[in-house]
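2 protein chains.
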Amino acid sequence: MRKNTFLLSSIVAGVFAAMLFESGVSAQEDPLPSWNDGPNKQAIVEFVAAVTKEGGPDFVEPGARIATFDNDGTLWTEHPIYTQLAFALDQVKAMAPDHPEWKDEEPFKSILAEDMKGVAASGKKGLTEILAVTHAGMSTAEFESTVTDWFATAKHPRFDRPYTELAYQPMLDVLNYLRANGFKTFIVSGGGIEFMRPMTDEVYGIPAEQVVGSSIRTKFEMQDGKPVIMRLAEVNFIDDKDGKPIGINQYIGKRPIASFGNSGGDREMLEWTGAGDGKRLMMLVFHDDAKREYAYGPADGQPDTHIGAFPQSLMDEANARANWHVISMKDDWKQVFPSE
Amino acid sequence: MRKNTFLLSSIVAGVFAAMLFESGVSAQEDPLPSWNDGPNKQAIVEFVAAVTKEGGPDFVEPGARIATFDNDGTLWTEHPIYTQLAFALDQVKAMAPDHPEWKDEEPFKSILAEDMKGVAASGKKGLTEILAVTHAGMSTAEFESTVTDWFATAKHPRFDRPYTELAYQPMLDVLNYLRANGFKTFIVSGGGIEFMRPMTDEVYGIPAEQVVGSSIRTKFEMQDGKPVIMRLAEVNFIDDKDGKPIGINQYIGKRPIASFGNSGGDREMLEWTGAGDGKRLMMLVFHDDAKREYAYGPADGQPDTHIGAFPQSLMDEANARANWHVISMKDDWKQVFPSE
Ligand SMILES: [Ca+2]
Ligand SMILES: [Ca+2]
Chain V
1 MRKNTFLLSS
11 IVAGVFAAML
21 FESGVSAQED
31 PLPSWNDGPN
41 KQAIVEFVAA
51 VTKEGGPDFV
61 EPGARIATFD
71 NDGTLWTEHP
81 IYTQLAFALD
91 QVKAMAPDHP
101 EWKDEEPFKS
111 ILAEDMKGVA
121 ASGKKGLTEI
131 LAVTHAGMST
141 AEFESTVTDW
151 FATAKHPRFD
161 RPYTELAYQP
171 MLDVLNYLRA
181 NGFKTFIVSG
191 GGIEFMRPMT
201 DEVYGIPAEQ
211 VVGSSIRTKF
221 EMQDGKPVIM
231 RLAEVNFIDD
241 KDGKPIGINQ
251 YIGKRPIASF
261 GNSGGDREML
271 EWTGAGDGKR
281 LMMLVFHDDA
291 KREYAYGPAD
301 GQPDTHIGAF
311 PQSLMDEANA
321 RANWHVISMK
331 DDWKQVFPSE
Chain Y
1 MRKNTFLLSS
11 IVAGVFAAML
21 FESGVSAQED
31 PLPSWNDGPN
41 KQAIVEFVAA
51 VTKEGGPDFV
61 EPGARIATFD
71 NDGTLWTEHP
81 IYTQLAFALD
91 QVKAMAPDHP
101 EWKDEEPFKS
111 ILAEDMKGVA
121 ASGKKGLTEI
131 LAVTHAGMST
141 AEFESTVTDW
151 FATAKHPRFD
161 RPYTELAYQP
171 MLDVLNYLRA
181 NGFKTFIVSG
191 GGIEFMRPMT
201 DEVYGIPAEQ
211 VVGSSIRTKF
221 EMQDGKPVIM
231 RLAEVNFIDD
241 KDGKPIGINQ
251 YIGKRPIASF
261 GNSGGDREML
271 EWTGAGDGKR
281 LMMLVFHDDA
291 KREYAYGPAD
301 GQPDTHIGAF
311 PQSLMDEANA
321 RANWHVISMK
331 DDWKQVFPSE
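Sequence order for the protein chains is V and Y.
Mapping the first sequence onto full-length UniProt numbering, position 295 (from 1) lands on 295, and the numbers just tick up by one.
Mapping the second sequence onto full-length UniProt numbering, position 101 (from 1) lands on 101, and the numbers just tick up by one.
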């Protein structure tokens, strides 16, 4: 009888443990399952534990738990070209039938001939013209619907999947983990604010109002008695480098306690975050994984790049600061994309 | 026995009802206790019921339940002068010992002599100079601490209470009621964004990142190896009139389904809100209560004013649109301020 009771207890306990495990409520559950164990994963977990421990020396009120994330190269793939540039090039092709003159005009001529070297040769002037025709001259509603349609159909040239499926699973883990611990997560990106907003909620769980980015000027006007906001071909704000702390101050109005980036454009955001009082976490994604994604630096001898460059000076600064951490995609991430 | 059981049941039911009433969980609880019954209170309650009824024709997903509120004259008192102007004048007085030259220079001379007509006579040029010396030339951190200190000590000349106690209780009711129904509440004000942010969470339950306002340009720089954001004497954005829908689009990135204002500066915000699909609520606070607060228009024959003017054309537009409602402070509000 005693033996049977013991056996029964064991079975009940086992079933109960299995239920806990499967329902995901176990205290031992891994909050960052796509991360390999190591100092970087540990730094995230220890930071979250410290700032959420009520009565502890590092406790931070929920309202001040602000975390900011760069987008391109930090939350999703930015090679071989920025997703927004891929969108712009596709738009030029889609608009070409209405612009027969583009056959003879750069940078359009090169885009239509799929001559990326020619596009690059058109330089900043060419890029400005591409952005003007693809990003301005329409209402905000029209632009949003064009972007939404494009995300639904366009595919990344190497991975042959929608761009929205090329978010990094380990960073989605971090976003979810932070939010589960009372953080408010924001994107602070050099990319266009209205290009990102149509997809950030679905892809990252970040609503439009928590997206900070670069923007062009807009104009409110009445068209046939209905108010519209028109997009103008004039720069309003560049949310890159020193623009990132300025954008954070302007849009969020609070200093983040954690910031994540991947390039020289994120340096000032991380410096601004780190200069606040109390415990802080600054992390940089380093792309050293040509096999699963891409490898570029030029820091630490990785190939140089014009897209999302991580200069050696940034690596040196990160190594010199105790609460800055460089994430090795190759070593730290068990999995890169959601569908692997 | 039957009679006793009946009596007991009545007592139990009565006690239970009293408990419900006192604990505030009764379905009959008034969600807007500071409002008098009438069409305006009814419009708010019916709107909220409609957009939150799952499966109903007017249902709106929680993520799209965005409500925007003007601040001066809509959420708190703006007479006899805007609170931010009262702050600026007090700052000039506080800074005067370091500026002996102000004794002979307008608009400072008039401010120090408490000559408000002289200040007004200095016009836009004078106002720009006042704002430059009181709002620029310091870091964002210094400005925040100056504003916080001022709010802790300054008092309204008529009501002899801190400005932060001059929020309108009926609007606090609306903010709480909307948030309890899954709305995200934003301030969209012509006032300075960094002047409002230090007090909005405490006064309205609206965190800094949900405050949109006018701003000056800022500059990120290193001072003694520490990053600071300096406030420059250059306008960045004026969040008034057509600037309100532009600011909403830029900061929030979603069109509100409800908007609240009180002056000609809110017209475009309400038009933009109302032009979206589905059920919408647009409301304007009309100050017709000189006894409990102030009376000004010039609409409907109220005294004309330079501060928060409600023109007749706005009244006509509101009357012509079915889902615009003009709130009479005198008739609709049972109570004006929290401590009455
Ligand atoms: Ca980046
Ligand atoms: Ca107002």
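No lab work stands behind these hints: they were computed from the structure.
Do not rely on the hints blindly, as some may be mistaken.
[Unchecked claim] DSS-like, lysine-lysine: derived pairs with alpha carbons at most 27 Å apart:
#1 Y:Lys155 <-> Y:Lys124
#2 Y:Lys254 <-> V:Lys184
#3 V:Lys184 <-> Y:Lys219
Outcome of the hint check:
1. Annotation: proposed proximity of Lys155 of chain Y to Lys124 of chain Y holds, straight-line Cα distance about 26 Å (limit 27 Å).
2. For the suggested pair Lys254 of chain Y and Lys184 of chain V, the alpha carbons sit about 18 Å apart, so the restraint of at most 27 Å is met.
3. Distance restraint check for Lys184 of chain V and Lys219 of chain Y: the Cα-Cα separation of roughly 25 Å lies within the 27 Å cut-off, and the hinted pair is therefore satisfied.
In summary, this structure violates none of the numbered hints.
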